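Protein sequence lines correspond, in order, to chains A, B and C. Numbering-wise, the numbering used here puts 152 at position 152 of the first sequence, and it's gapless, one number per residue. Numbering-wise, the numbering used here puts 364 at position 364 of the second sequence, and it's gapless, one number per residue. Numbering-wise, the numbering used here puts 253 at position 253 of the third sequence, and it's gapless, one number per residue.
One should not assume that every hint holds.
Computed spacing ranges between beta-carbons, pair by pair [to be verified]:
no. : chain 1 : residue 1 : chain 2 : residue 2 : range
1   : C       : Phe114    : A       : Phe267    : 33 to 39 angstroms
2   : A       : Leu245    : C       : Ser272    : 22 to 28 angstroms
3   : A       : Asn110    : C       : Thr112    : 39 to 45 angstroms
4   : A       : Phe68     : C       : Phe273    : 32 to 38 angstroms
5   : A       : Asn110    : B       : Pro364    : 54 to 60 angstroms
Looking from chain B toward chain A, a few residues come up when the C-beta cut is under 10 angstroms (computed) [claimed, not checked]:
no. : residue
6   : Gln82
7   : Ala85
8   : Leu86
9   : His89
10  : Met90
11  : Val103
12  : Arg146
Derived from the structure by calculation, the hints contain no laboratory data. All figures in this text were calculated on a predicted structure; none of them were measured in a lab. Ideal Cβ placement from N, Cα and C applies to all residues, glycine included.
Given next are the chains, with one letter for each unit.
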Amino acid sequence: MFPTPLQKQSPGARGLYRGVVSISLLVWLLPLFAIALTSTRSLDDLSRGNYWGWPTDLRIAENYTAVFTSSPMGRYLLNSVVITLPAVAGTLAVSTMAGFALAQYRFRGNIALFATFIAGNFVPFQVLMIPVRNLFVHVIPLYDTVWALVLFHIAFQTGFCTLFMRNFIRELPDALVEAARIEGVGELRIFWHVVLPLVRPALAALAVLEFTFIWNDYFWALVLVQSDTARPVTAGLQALAGQWLASWQLMSAGALIAAAPSIVIFFAMQRHFIAGLTLGAVKE
Amino acid sequence: MAEVSLRGVRKSFGPVDVIKGIDLDVAHGEFCVFVGPSGCGKSTLLRLIAGLEDITEGTLDIGGANMTRVPPANRGIAMVFQSYALYPHMTVRDNISFGLRMVDTPKPVITARVAEAARLLQLETYLDRKPSQLSGGQRQRVAIGRAIVREPEVFLFDEPLSNLDAALRSQTRVELLNLHQTLGATMIYVTHDQVEAMTMADKIVVLQAGQIEQVGSPLELYERPRNLFVAGFIGSPRMNTIPGRIATVIDGAARLELPGGAITHVQLNGTRLAPGPVLLGVRPEHIMVDDPGTSGEGLAGTVTLAEHLGAETILHIEMAHGPVLVARADGRAPQRIGQPVTLTLDPRFCHLFDPAGPALMNAPG
Amino acid sequence: MSATVGRIAVAGPVPATWWRRHQMALAPAILLAPACLLFALFVIWPIADSLWVSLHDWDGIKPMRFVGFGNYTELFTDDVFYTSLVNNVLWLVAFMLAPVFGLALALLLNQTLFGMRLVKSLFFFPFVISQVVVGLVFGWFLNADFGLLNVLLGFIGLPPVDILGDERWATFGVMAAGLWPQTAYCMILYLTGLTAINPELVEAARLDGARGWRLLRHVILPQLRPATFIAIVVCVVGALRSFDLVSIMTKGGPYDSSSVLAFYMYQQTFASFRYGYGAAIATVLFLIMDVYIAFFLVSLLRRERR
Chain A
1 MFPTPLQKQS
11 PGARGLYRGV
21 VSISLLVWLL
31 PLFAIALTST
41 RSLDDLSRGN
51 YWGWPTDLRI
61 AENYTAVFTS
71 SPMGRYLLNS
81 VVITLPAVAG
91 TLAVSTMAGF
101 ALAQYRFRGN
111 IALFATFIAG
121 NFVPFQVLMI
131 PVRNLFVHVI
141 PLYDTVWALV
151 LFHIAFQTGF
161 CTLFMRNFIR
171 ELPDALVEAA
181 RIEGVGELRI
191 FWHVVLPLVR
201 PALAALAVLE
211 FTFIWNDYFW
221 ALVLVQSDTA
231 RPVTAGLQAL
241 AGQWLASWQL
251 MSAGALIAAA
261 PSIVIFFAMQ
271 RHFIAGLTLG
281 AVKE
Chain B
1 MAEVSLRGVR
11 KSFGPVDVIK
21 GIDLDVAHGE
31 FCVFVGPSGC
41 GKSTLLRLIA
51 GLEDITEGTL
61 DIGGANMTRV
71 PPANRGIAMV
81 FQSYALYPHM
91 TVRDNISFGL
101 RMVDTPKPVI
111 TARVAEAARL
121 LQLETYLDRK
131 PSQLSGGQRQ
141 RVAIGRAIVR
151 EPEVFLFDEP
161 LSNLDAALRS
171 QTRVELLNLH
181 QTLGATMIYV
191 THDQVEAMTM
201 ADKIVVLQAG
211 QIEQVGSPLE
221 LYERPRNLFV
231 AGFIGSPRMN
241 TIPGRIATVI
251 DGAARLELPG
261 GAITHVQLNG
271 TRLAPGPVLL
281 GVRPEHIMVD
291 DPGTSGEGLA
301 GTVTLAEHLG
311 AETILHIEMA
321 HGPVLVARAD
331 GRAPQRIGQP
341 VTLTLDPRFC
351 HLFDPAGPAL
361 MNAPG
Chain C
1 MSATVGRIAV
11 AGPVPATWWR
21 RHQMALAPAI
31 LLAPACLLFA
41 LFVIWPIADS
51 LWVSLHDWDG
61 IKPMRFVGFG
71 NYTELFTDDV
81 FYTSLVNNVL
91 WLVAFMLAPV
101 FGLALALLLN
111 QTLFGMRLVK
121 SLFFFPFVIS
131 QVVVGLVFGW
141 FLNADFGLLN
151 VLLGFIGLPP
161 VDILGDERWA
171 TFGVMAAGLW
181 PQTAYCMILY
191 LTGLTAINPE
201 LVEAARLDGA
211 RGWRLLRHVI
221 LPQLRPATFI
231 AIVVCVVGAL
241 RSFDLVSIMT
251 KGGPYDSSSV
261 LAFYMYQQTF
271 ASFRYGYGAA
281 IATVLFLIMD
291 VYIAFFLVSL
301 LRRERR
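Using the sequences provided together with the hints, build the complete structure.
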């Protein structure tokens, strides 16, 4: 292991190490501590200029309730859920099928198709912005609905997820599929009964990762949606920033509420999240 | 009847020819082993028979029917993979019955066949376990069980023992042979281990670089290798080869000059050979090791290594002029490292090879 | 178990239907269809359409008017475009710091003492939260009037600064916010890379007398190459995609000094209703990105061929 494990060092060295790490962590997360603290303040505190001292009176419940009562935050959160869950499910379904096909069948254009999915995954959003928006305004009448976002996220995230699933399925022993093939099992049944159960860890990793990607999307929420009935929490927060100008305690609480679901998902499924994110970081 | 015959079978991956024209007949009920060094194409050949790869050129018949373009499931074959290919999410029972269930075999048939296979392979008590709860040997038996329930005419084995430890391997070898006896099916077995080939096969097919070097029974290959490759590949320790030249041929016997001017005589038993360079091949058990000066026509050498295996001793002897020879001696051979010795080659067991490879003459034995 | 019975048993239940005979070709086609359809409709076709739009003068409503490369020639004389382009280059350079910082953090945290797992996840935290939140948090941290940064500067006796309000510094303020989650991402890549290094290799190097910097330089870093590769790729993509933070923290200001191509394009399209011009800016961004896409694809496919 590198660097040298500290278990072998003296207790003093370990203590020093813990001290250094704690201070680094404190500095690293300072901005977050600051808004967490602010979200508990009263407006009086802020108007008196007490931005960084200890709050004079804690207003946790009041502030967080106010976020929901004085703004469509509840609606935004609901929209985010309604967008994110189907989009994640759709992406996984579409890309698992495609990844299996690319990993298991030899056909002309396989590599070219695979390369297209990878390349598409890196395309700057902006180059898609005008045509995709026009598509939803003029051709598929879904502009300003959550379904426009669902559909687009499925399509765009398919690039990354297909790359991920294809490589994962590629690592499975070919013999598992071949054994079934020799036994006369149909190809679609092989996909359903043999491959799907084996890719469950990959599905878990991708689900967590995609949840945070899609939940945190801001750009497409600006482009494809404009009314509160469809706006997800990221774009909603930005809209509220204008409305809440000096109400920093509400702004902070709102930001934490918006971030909470992806934080919860991350901590609940950390192992899967990191497995998904670091794909390729190890394998040569 | 399930004989397997290949005619002019070729396989290329893009520009690379992997199998370069194979003609082969495996009789019904025969245990046939494909053996060769890694990369010789033996696994590819098996996969062509299984239908996992498409045959580029040539034909494959199984049981008299042309199977060249038939999907794997309809060839009447079953295959046991090197990795066993067990589904980790299914129990042993589900693994064994998976193929039958997926092609809608009637339930009673499935139950009966699984029970029969489990009995045959002593897996009855493990049917409800997952593969991860089994030992290597048990997993291997499950893989065989999965093949048996399909009641195939031809079993294909792709290095099935290579993931087992040495003791289990020799035990499983015996079990497989018993199974072959019981089922009476044709079996084609791929291995890189010539010991496995020698102990199990009715017929051995030695492959190298996508071509057949020789086909025959184990003893045929051992005693009558058709070329240097087979001579070197079959048998352990491998056959010694000594460069030399035929000086004269008199009365059906060749006078052979060996490195350092030593002379030996080899009976040609009717083979007509002209004077010229040859390789003399002799197996380790056909070299007699004596103290210097005890025999007239001997080769002088020094012992450089002695491997005491108990039942026998493998002596490595550096010749005064020439290669290191390996001789198989008695378990209590007195020779020590550094000791000078005289070697006598048994003239009845000498092979002669063209230096380019083909055998000129096999030992009369 | 006679051979003939076996034959029927195996071949019987697998009738050679039309589907059976063609499934090796049909199955991949069916499985790929949804992905290909969606990708073609929402990614491939839009790229082509965007290039087409960039050759037109268009406000998004009235009919398009073909102007050839008119939009592109206009870019040459557009100061804001230059500023945005330069800023994108600055982002690229700055983001190359993320792998360096990330590696440093990973080396600091690669210990197995009690509680380190939690510490690692807390360090990773900034990557999990939305860029909108990161932007708000940093915007506030850097606020000229009451931002924590100025409070801290005050402690050590320095005058307050207005980073986001200053043309010279605004873009660096936004970049700092961008580096925060990006460094976290690189850290996790390197942490995974470090755990995956064969311990015997490190032991062997130690026995050979390699220590500290030399061990890192000659043994550890080469082993971390796959992680470095991914880290650089995601940082490049991140730098060129930067939009959210600019939009949240400065709206490209003051006086367009912190604009980037992605943001300028958005503004030209939806604020100035110049769709054709916006598409032309997007195309430039796309071309820059193409270089990296090609680089990534080549190395990935080379690995694929073994």
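### Query
Which hint numbers does the structure go against, in order from smallest to largest?
1
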